[in-house]
Amino acid sequence: MSDPAAPLMRARGVRKYFPIKRGVVFQREVARVHAVDDVDLDLMPGETVGLVGESGCGKSTFGRCLIRLHDLTDGTIEFDGQDISTLDRKQMRPLRREIQMVFQDPYASLNPRKRVGTIIGDPLRIHGVGARGDVNKRVQELLELVGLSPEHYNRYPHEFSGGQRQRIGVARALALSPRLIIADEPVSALDVSIQAQVVNLLSDLQDDLGLTYLFIAHDLSVVRHVSDRIAVMYLGKIVELAPAEELYDRPIHPYSEALLSAVPVPDPDVERERIVLQGDVPSPITPPSGCRFHPRCRYATDICTTTEPPLVKHAEQHLAACHHPLNLRS
Amino acid sequence: MSTVGGLEHPIDPLADAPPEGWVAGRSPWALAAHKLVRNRMAMAALAVFLGIVVVSFMGPFYADHIAHTDPFTSQLTATTVINGKRVDVLQQGGGVLKLGETPIGPTWQRNYFLGADSQGRDVAARVLYGGRTSLTIGIGSAVICSLLAVIVGMVAGFYGGVTDSIISRGLDVVWAFPVYLLAISIATVLLTQGLTIGPFSISASSLWLPTLIIAVIYVPYVARPVRGAVLSVREKEFIEAAIAQGASNRRLIFNEILPNVITVLIVLLPLMIATTILTESALSYLSIGVQPPNASWGTIINDGQQLLYTRPWVAIAPGIMIVLTVLSLNVFGDGVRDALDPRAKLRVKD
Chain A
856 MSDPAAPLMR ARGVRKYFPI KRGVVFQREV ARVHAVDDVD LDLMPGETVG LVGESGCGKS
916 TFGRCLIRLH DLTDGTIEFD GQDISTLDRK QMRPLRREIQ MVFQDPYASL NPRKRVGTII
976 GDPLRIHGVG ARGDVNKRVQ ELLELVGLSP EHYNRYPHEF SGGQRQRIGV ARALALSPRL
1036 IIADEPVSAL DVSIQAQVVN LLSDLQDDLG LTYLFIAHDL SVVRHVSDRI AVMYLGKIVE
1096 LAPAEELYDR PIHPYSEALL SAVPVPDPDV ERERIVLQGD VPSPITPPSG CRFHPRCRYA
1156 TDICTTTEPP LVKHAEQHLA ACHHPLNLRS
Chain D
9 MSTVGGLEHP IDPLADAPPE GWVAGRSPWA LAAHKLVRNR MAMAALAVFL GIVVVSFMGP
69 FYADHIAHTD PFTSQLTATT VINGKRVDVL QQGGGVLKLG ETPIGPTWQR NYFLGADSQG
129 RDVAARVLYG GRTSLTIGIG SAVICSLLAV IVGMVAGFYG GVTDSIISRG LDVVWAFPVY
189 LLAISIATVL LTQGLTIGPF SISASSLWLP TLIIAVIYVP YVARPVRGAV LSVREKEFIE
249 AAIAQGASNR RLIFNEILPN VITVLIVLLP LMIATTILTE SALSYLSIGV QPPNASWGTI
309 INDGQQLLYT RPWVAIAPGI MIVLTVLSLN VFGDGVRDAL DPRAKLRVKD
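Residue numbers (the numbering used here), protein chains in the order written: chain A, 856 to 1185; chain D, 9 to 358.
Don't take every hint at face value.
Unchecked claim - Calculated cross-link-like contacts (lysine-lysine; reagent style DSS-like; alpha-carbon spacing at most 30 Å):
1) D:Lys43 x D:Lys244
2) A:Lys969 x D:Lys43
3) A:Lys876 x A:Lys969
4) A:Lys992 x A:Lys945
5) D:Lys43 x A:Lys945
6) A:Lys969 x A:Lys945
7) A:Lys992 x D:Lys43
8) A:Lys969 x D:Lys244
9) A:Lys992 x A:Lys969
10) A:Lys876 x D:Lys43
For the record, the hints were derived by calculation from the structure and aren't laboratory data.
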C-alpha cells in the first residue's frame, strides 16, 4: 500500500465541456456546456467526501470524469499516484478493479434481461477473477453482504423493490473489492425510509472494507450523515470545501449558507432565516463573469462581477471561493 | 460446501449455474410468453398459420400418395374417373362453336379436388406445393432481412457519428424507392442473367434469387427501428455501469444491448413474414419472382387469371391461402407486440 497521507485520488484542474453541435452533414461546434470547470479535489484513503449542489451543477459529470466514463477536456486525475486522465478504455481496464461506481437510478442501472447473479458476477467474469464456481460463491457472499438472500441469485431485477435494486447495484460495485467507490446520488431515487437503509449499508461497508467514497448528492442531510468532508459545487466549480460539521456550523460561501438554510430542521419551534435564492441557475453554456454566483448572491458587489474569486484556505481544511466570506473567525 | 445464512447450499464447482432448488425468477421473456399464450386470438392465429405451414409442407405427400399426380408436368391428355365415367381433364369447349378447352372444375375425388388448370395439372396439389415455396421464401427472406437489419442497425446505433450517418443515408436511398418498384427493377435485371458475387453464383431460376431480393429491399424497414432501439438502450445507465466495470465493446453489444433490442425484432418478425409473402406473391404474379417449373401462390394466381370466368377456383384457392396466411400472421404479430411491448406501435410498412 502507498503512503496513507497521500490522496487515493487527486484531481487537478479537471474540466469537462460538452460541445453543442449544429449542422446536418458537417457538424460544427456552436457552443459549449461548461459542465465541470477547473475542479481540484483530493480523496484521502478511507474518507467519505460528499459532493453537493443543485441539479445540473456538474457534480455527476465530475464523478463520471473521475471514473473515466467521460474523457476530460482538460486537467489531470491521479489514482494512487498514477495519472489516469489520458488512458483509453483498454488501458483503464485494470484500474476498473480499484474504482467502481454506484448509480443513481436503480431502475435504469440494472440490465432488465439479466439475472441478478449474472449482473453481480459480470465484473468478476470481465476481469477473469476466480474460477467459475468461485464466481458463484462470491456472488452469494456479496448478496449476503448487502443484506439480500443468496436465493435471490436467480431472480430478475424487475422482481425487486427500488431499495433492493440499489443493494444489487452496491453488490456489483463491491464485486471486485475496489478501493474507491463513486456513489452518484445513490439514494435520491429511493423512498426516504429506504434511503437510511442504503446509506447505513454504505457506511457499514466502509467500516468493514476500508472503502473510500465520493458521495454525490443533492440532499444535504444525507450527505452530512455520511461525509467526513463536503464539497459544495455551483455551476461546474467547487465553491466551498470543508469538514462536514464545520460546513454546517460555519458556512463561508453565501451559496452554502443558502443551501443549508433549505435543510429542514426537525423542530417546529426553531425560528431561523430562510434564504431564498432569486432566479434560476444561470446557463452553463454562458456562465456569468467573475464569481459565477454573483447574479443570485445577496452580498455581491462590483468585484464579484469582474473577478473570479480563487478557492482559498480560510481555516484548517476549510476552503472557499468568495470575495465576501461569511462566518470568519478572526 | 459453503454455509451461507445458516443453510448449506451445495455448490457445483464446475457449473456457473445457481444451485438447484432455488426459486428461479421469471425472466421478461417468460412473462411475455405467458401473456402471449393467454391471448386466445393470437394463439388461434398461430394455430391457423402453423396449420397452413404443415399442410403446405405435406404437398409432396398429397401429390404422391393421395392424388397420384405430378403437379409440375403438363397433362394435356390426362383422364380421370368421375362417377364411374372416364372423362378428359381438359374438355372441349362447350357452346355452338366448341372452341377452346376448359379444365374440369372442383370434384369430390382424391385427385382434382380443386379442379385442373389450363395444362391439366391438379390445382390442389399445386396450391400445396406453391404454399411450400411461398412460405419458404417468405420466412427465409424475413429471417435474412432481420439478420442484415440487426447488423446494420446495431453498427449504426452503437458506433454513431460518421458510421451512423453513412449507414442511415444508405438506408434512406433504399427507402426512397417504392418497395414494389425497387423489387421489380432488381428482379427484372437479375432474372436475365442470374446473380454472381465472387465465387457464389445464383441461377435465375433459383428460389434464392427472390428470397435475397425481398430480404434486401426490406432491410431499411427493420434496421431503422433496431437502430432506434440501440440508440435508446445505449444511453441507459446499465451500459455505463458495464463500461465502468471494464466491459469490452463486444460484451456491450452482445451481452447488454442485443438482449434488449431483440424484442423489436421479435415483434416485427411475424409482420415481416406476412409482408414478404405478399411481396413474393406479387412478384411471382408478375412472372418475375418464382420461375417455372417451381410454383408459388403468386404464379398459380397468374395461371388462373385466364380461367377466371370459367374456373375461378384456380385463382381463388391460392388467393384464399395468401389471405389466411397474412391475416393469421398479422393477428399473431399483434399478440406478440402486446405481450412484449404494449406501448410500442411498430408496423412493417409497405
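Hints versus structure:
{"no.": "1", "hint": "D:Lys43 x D:Lys244", "in the structure": "holds (26 Å)"}
{"no.": "2", "hint": "A:Lys969 x D:Lys43", "in the structure": "holds (20 Å)"}
{"no.": "3", "hint": "A:Lys876 x A:Lys969", "in the structure": "violated (36 Å)"}
{"no.": "4", "hint": "A:Lys992 x A:Lys945", "in the structure": "holds (28 Å)"}
{"no.": "5", "hint": "D:Lys43 x A:Lys945", "in the structure": "violated (43 Å)"}
{"no.": "6", "hint": "A:Lys969 x A:Lys945", "in the structure": "holds (25 Å)"}
{"no.": "7", "hint": "A:Lys992 x D:Lys43", "in the structure": "violated (34 Å)"}
{"no.": "8", "hint": "A:Lys969 x D:Lys244", "in the structure": "holds (14 Å)"}
{"no.": "9", "hint": "A:Lys992 x A:Lys969", "in the structure": "holds (18 Å)"}
{"no.": "10", "hint": "A:Lys876 x D:Lys43", "in the structure": "violated (44 Å)"}
When each numbered hint is compared with the structure, violations occur for hints 3, 5, 7, 10.
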